[in-house]
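Assemble the whole structure, with the sequences as input and the hints as a guide.
For reference, the chains in residue letters:
Number of protein chains: 2
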Amino acid sequence: MFAKVISIFVLFALSGFSALLSWNKGTGAEAHDLNGLERHFQYEIKQLSVPVDHFSFSNNSTFNLRYLYNDTFAEKSNPQPPIFFYTGNEGDIEWFAQNSGMVWEQAARFKAVVVFAEHRYYGKSMPFGSNTFNCTKPEHLAYFTVEQTLEDFAMLITFLRGDRQMPVVAFGGSYGGMLAAWFRMKYPHMVIGALAASAPIWQFTDLTPCDIFNKITTSVFQTAYNANCTTNIGRSWKLFEKLAGSDAGKKQIADAFHLCDPIKSSDDLTKFLDYLEEVYYNLAMANYPYNSSFLAPMPAYPVRQVCFYLKDLHENDADLLNAISSALAVYTNYTASVKCLDYKDVNKGSSADSFGWNIQVCNQMVMPFCANSSDTMFRTKPWNFKETVDNCIKNYGLTPRPYDIIMRYGGKNLNAASNIIFSNGLLDPWSGGGVLQAPNDLIQVIIIPEGAHHLDLRESNPADPPSVLDARAKEAIIIARWIEQFYLNIH
Amino acid sequence: MFAKVISIFVLFALSGFSALLSWNKGTGAEAHDLNGLERHFQYEIKQLSVPVDHFSFSNNSTFNLRYLYNDTFAEKSNPQPPIFFYTGNEGDIEWFAQNSGMVWEQAARFKAVVVFAEHRYYGKSMPFGSNTFNCTKPEHLAYFTVEQTLEDFAMLITFLRGDRQMPVVAFGGSYGGMLAAWFRMKYPHMVIGALAASAPIWQFTDLTPCDIFNKITTSVFQTAYNANCTTNIGRSWKLFEKLAGSDAGKKQIADAFHLCDPIKSSDDLTKFLDYLEEVYYNLAMANYPYNSSFLAPMPAYPVRQVCFYLKDLHENDADLLNAISSALAVYTNYTASVKCLDYKDVNKGSSADSFGWNIQVCNQMVMPFCANSSDTMFRTKPWNFKETVDNCIKNYGLTPRPYDIIMRYGGKNLNAASNIIFSNGLLDPWSGGGVLQAPNDLIQVIIIPEGAHHLDLRESNPADPPSVLDARAKEAIIIARWIEQFYLNIH
Chain A
166 MFAKVISIFV LFALSGFSAL LSWNKGTGAE AHDLNGLERH FQYEIKQLSV
216 PVDHFSFSNN STFNLRYLYN DTFAEKSNPQ PPIFFYTGNE GDIEWFAQNS
266 GMVWEQAARF KAVVVFAEHR YYGKSMPFGS NTFNCTKPEH LAYFTVEQTL
316 EDFAMLITFL RGDRQMPVVA FGGSYGGMLA AWFRMKYPHM VIGALAASAP
366 IWQFTDLTPC DIFNKITTSV FQTAYNANCT TNIGRSWKLF EKLAGSDAGK
416 KQIADAFHLC DPIKSSDDLT KFLDYLEEVY YNLAMANYPY NSSFLAPMPA
466 YPVRQVCFYL KDLHENDADL LNAISSALAV YTNYTASVKC LDYKDVNKGS
516 SADSFGWNIQ VCNQMVMPFC ANSSDTMFRT KPWNFKETVD NCIKNYGLTP
566 RPYDIIMRYG GKNLNAASNI IFSNGLLDPW SGGGVLQAPN DLIQVIIIPE
616 GAHHLDLRES NPADPPSVLD ARAKEAIIIA RWIEQFYLNI H
Chain B
166 MFAKVISIFV LFALSGFSAL LSWNKGTGAE AHDLNGLERH FQYEIKQLSV
216 PVDHFSFSNN STFNLRYLYN DTFAEKSNPQ PPIFFYTGNE GDIEWFAQNS
266 GMVWEQAARF KAVVVFAEHR YYGKSMPFGS NTFNCTKPEH LAYFTVEQTL
316 EDFAMLITFL RGDRQMPVVA FGGSYGGMLA AWFRMKYPHM VIGALAASAP
366 IWQFTDLTPC DIFNKITTSV FQTAYNANCT TNIGRSWKLF EKLAGSDAGK
416 KQIADAFHLC DPIKSSDDLT KFLDYLEEVY YNLAMANYPY NSSFLAPMPA
466 YPVRQVCFYL KDLHENDADL LNAISSALAV YTNYTASVKC LDYKDVNKGS
516 SADSFGWNIQ VCNQMVMPFC ANSSDTMFRT KPWNFKETVD NCIKNYGLTP
566 RPYDIIMRYG GKNLNAASNI IFSNGLLDPW SGGGVLQAPN DLIQVIIIPE
616 GAHHLDLRES NPADPPSVLD ARAKEAIIIA RWIEQFYLNI H
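So the protein sequences, as listed, match chains A and B. Residue 656 is where the first sequence ends in our numbering, and the numbering goes up by one at each step. Residue 656 is where the second sequence ends in our numbering, and the numbering goes up by one at each step.
For the record, the hints were derived by calculation from the structure and aren't laboratory data. What you are looking at is a predicted structure, and each value in this text was computed from that prediction instead of being measured. Careful, some of the hints might be misleading.
Identical copies look the same in the list; a pair holds intra-copy or inter-copy alike.
SDA-like cross-link-like pairs, simulated, lysine to any residue; straight-line CA separation at most 20 Å [claimed, not checked]:
#: 1; residue 1: 551; residue 2: 225
#: 2; residue 1: 380; residue 2: 396
#: 3; residue 1: 577; residue 2: 654
#: 4; residue 1: 302; residue 2: 224
#: 5; residue 1: 577; residue 2: 651
#: 6; residue 1: 559; residue 2: 526
#: 7; residue 1: 577; residue 2: 327
#: 8; residue 1: 577; residue 2: 319
#: 9; residue 1: 302; residue 2: 225
#: 10; residue 1: 241; residue 2: 331
#: 11; residue 1: 407; residue 2: 423
#: 12; residue 1: 407; residue 2: 396
#: 13; residue 1: 302; residue 2: 226
#: 14; residue 1: 476; residue 2: 494
#: 15; residue 1: 577; residue 2: 323
#: 16; residue 1: 577; residue 2: 245
#: 17; residue 1: 276; residue 2: 331
#: 18; residue 1: 577; residue 2: 329
#: 19; residue 1: 302; residue 2: 223
#: 20; residue 1: 559; residue 2: 225
#: 21; residue 1: 577; residue 2: 652
#: 22; residue 1: 559; residue 2: 223
#: 23; residue 1: 577; residue 2: 326
#: 24; residue 1: 577; residue 2: 328
#: 25; residue 1: 559; residue 2: 224
Shown next as structure tokens:
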């Protein structure tokens, strides 16, 4: 094993730390010494050598999986401290560490070792180094699967624990939450429980209506300021199509939105409209109650801001165009530093790795989405699996397996699962594919009516609504119970 | 999918069928119409195309997995009958079907569909056809793993169920019992429970003392008739070594044992002594209360027979030699049809596929065994992992991974497992690596003091001891409860 150790101090605002103490309200737990705030978000960057292919004996090559490590919260006197283990998802693991402040705050409280494990094929954890995504080597994508990833995590925990019996709690948000839940299901001997925040484990074929995501997004926009918001957005699609029919109209769009590249073709128009949709989704997901920079720098409750610019019903084309442009800038140029809008790169400035994710969509993460313009603010779009398959084969040489995840992780049948907290914010479009009802007494479902995408996993903030404070308090109580039970069992 | 369907009638003695009815003693269950005994052990032979590698997207090749199928017990009026699913192990699946009469008897009683699924790389389920074991293609062995096998079973169940909600119960004996237990642990949405008969899931590194197997075998021989049995066997090893030191002695052995090939080298001697050990193990495993032909044709309680021939303490070399020879014939020539003893092929006449198993021993099934002559009837043999590795690399190009199974299936930590019956016969050497204490209330442990290797899984026989009748009755009650619960949940 080759372990490169670099100490990095990540400076991160901890403005809302006082809110942590309020978790204790009614929990009966004590507020422990937090060992100094300056220790938050500090970690060593380490690596563990893991097999590229855990499941066959033909490929013996290995690669270095990156993880972040901090044991400064753990008590020296405790030989078996808890490990709070974040199951990394689609992006650089440092980004998740910085956007999951709750894990750090809880670790301080529970005196736990903090580990953020990077997901293979993301960040710096590349199974084939710089050749990982070499398009002349499509076979390099073969091991980009959930099962291989969970095995990476299992090996890392095995390595970290050694001979020590340590209670490990898995944490994850979004796809990371799915991984945390699945990890507990498949490796219950490795983790005593999992917090799966905003984990849409049912956003798969035949489990959830494909239009739920767009419906929830629409509902979030409809109720953010007033209903004119979604009416305006709903009308805008036809307007863009109409304008794109003439050179003058194309120029009107380019001017209104400060496009870097004006729309020249129908392909460009599609990209532009897809971009707008993506922005609306991201706004809903990151509709946090304070300024944030998770997917892009945004003000507090950005959807409300967007809808403020769309509060008047615009019958006039030019007015509607300008209103949409102003609204969009809440997302695209909140810092007023962007010179022109690059609609061809939807994830510019974000740390989410859509490149990697698009590959996962082509193997196992086949999530059907669709929309109907009659009951959403979006264009009508049927779910077209065939088109997905064709594109996947063309782009990556991969044939998607839409039922892989369901066959392996049980679909709606979670009867035998235990010690998983599924938390979902009702403002989050992904909540539609989440677990909103507990299948048994050992699974906890926590609903956060005022929450966007895994708000509970973020660091405390004075602007946090009561429902997320309550959710975090409940989560802490449940985790405390798991840990207590673990120590009781081994003693 | 290519499904070859052949109807085969397997004629099998059902002499002990009346004992089935005695299962109902005290269970409160009714004896149902058994639909005619002649339907037992009849099956269609079918095949399902499954991926060679379930876990990567690089290898898209498939092969036909064989399975046996009988739906004649199921009621036509029940659209969702139970499936009794045997998770095949190291051998031709028909052999297991014929030696697991209890599954058929229970299926008749529960009106269940019977499925015996063959394990990949055994019988006719060859991932690379006739080239599967081609020694110029060592990469063909890469997919010979537990995880790939469980995925085969999951795909088969998915296929068999289709859209129907059917309660599936997994059954397995020995390694098949390990698979049944692991299948329930990892795919609890696929099977409502598992009967793991004589499943030594803890016969792995650091989980169980490596000498337990030899100690139990010794104990079985010691108590079968009288203690002279093990004293004689214990002394015999040195005698063989002494005799093999001279040509006259070698001839003496060859004559006494009717060897096909006389012992010519020290390598031959090792093979002969290893053969004897293997025979003692097999005698203990198949120490059934009636004539059987599971590992070889044998009389009832063969260990008792063996020890009857060894009841007198033999101080004289020739006497001891002849006594051992007579004893051995209980196993090697019970049918009196064997012309000479081929000690170089220990599994001659058995359907257990030691060729395949030896490969599994070289990837994941690394089971440490050792013996000490001071407290067993065997030669002192330390566990030598390095030697195992060297041989595995030399013979198959495989490097064993001794901790794979523990990391994946939890080792001694079964806290989160549910709905598994671990049954073990105390006369069975494998019981030492079995689960003899329930880790939680949802796991059932059944001890059969008078049972050899998965006796409970065999068909009923008038000679069955009370403890196995009791075990089967308990198993039936538990299975009935699982099935009842399933139907309650879906209605």
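Verification of the hints:
In this assembly of identical chains, residue 551 and residue 225 lie within 20 Å of each other by CA distance solely across copies; the values are 19 Å between and 35 Å within a copy. Taking the closest pair of Cα atoms, residue 380 and residue 396 come within 20 Å of each other only inside a single copy of the chain (14 Å); across copies the shortest separation is 80 Å, beyond that limit. Within a single copy, residue 577 and residue 654 get their C-alpha atoms only as close as 31 Å, which misses the 20 Å cut-off; across copies the closest is 13 Å, which meets it. For the homomeric pair residue 302 and residue 224, the shortest alpha-carbon distances inside one copy (15 Å) and between copies (14 Å) are both at most 20 Å.
Taking the shortest Cα distances, residue 577 and residue 651 sit within 20 Å of each other only across copies (15 Å), while inside one copy they are farther apart (28 Å). For the identical chains of this complex, residue 559 and residue 526 are intra-copy neighbours only, at 14 Å inside a copy versus 41 Å across copies, given an alpha-carbon limit of 20 Å. In this homomeric assembly, residue 577 and residue 327 come within 20 Å of each other (Cα to Cα) only across copies, at 15 Å, whereas the closest approach inside a single copy is 35 Å. Taking the closest pair of Cα atoms, residue 577 and residue 319 come within 20 Å of each other only across two copies (16 Å); inside a single copy the shortest separation is 24 Å, beyond that limit.
Proximity of residue 302 and residue 225 under a CA criterion of 20 Å is satisfied in both settings, with 18 Å inside one chain copy and 16 Å between copies. Within a single copy, residue 241 and residue 331 get their C-alpha atoms as close as 14 Å, which meets the 20 Å cut-off; across copies the closest is 52 Å, which misses it. For the homomeric pair residue 407 and residue 423, the shortest alpha-carbon distance inside one copy (19 Å) is at most 20 Å, but the shortest distance between copies (97 Å) is not. Taking the shortest alpha-carbon separations for residue 407 and residue 396, only the intra-copy value of 17 Å comes in at or below 20 Å, while the best inter-copy value is 98 Å.
For the homomeric pair residue 302 and residue 226, the shortest alpha-carbon distances inside one copy (16 Å) and between copies (19 Å) are both at most 20 Å. Proximity of residue 476 and residue 494 under a CA criterion of 20 Å is satisfied intra-copy only: 15 Å inside one chain copy versus 95 Å between copies. In this homomeric assembly, residue 577 and residue 323 come within 20 Å of each other (Cα to Cα) only across copies, at 14 Å, whereas the closest approach inside a single copy is 30 Å. Proximity of residue 577 and residue 245 under a CA criterion of 20 Å is satisfied inter-copy only: 18 Å between copies versus 35 Å inside one chain copy.
In this assembly of identical chains, residue 276 and residue 331 lie within 20 Å of each other by CA distance solely inside one copy; the values are 12 Å within and 46 Å between copies. Taking the shortest Cα distances, residue 577 and residue 329 sit within 20 Å of each other only across copies (14 Å), while inside one copy they are farther apart (35 Å). Taking the shortest alpha-carbon separations for residue 302 and residue 223, both the intra-copy value of 18 Å and the inter-copy value of 11 Å come in at or below 20 Å. Taking CA atoms no more than 20 Å apart as the test, residue 559 paired with residue 225 passes between copies only; the shortest distance there is 16 Å, against 29 Å inside one copy.
With identical chains, the CA atoms of residue 577 and residue 652 are at most 20 Å apart between copies only, with a shortest distance of 16 Å across copies and 32 Å within one. Taking CA atoms no more than 20 Å apart as the test, residue 559 paired with residue 223 passes between copies only; the shortest distance there is 15 Å, against 27 Å inside one copy. With identical chains, the CA atoms of residue 577 and residue 326 are at most 20 Å apart between copies only, with a shortest distance of 16 Å across copies and 33 Å within one. For a Cα distance limit of 20 Å, the shortest separation of residue 577 from residue 328 across copies, 14 Å, qualifies, whereas the shortest one inside one copy, 36 Å, does not.
Taking the shortest Cα distances, residue 559 and residue 224 sit within 20 Å of each other only across copies (17 Å), while inside one copy they are farther apart (26 Å).
In summary, the structure agrees with every hint in the numbered list given earlier.
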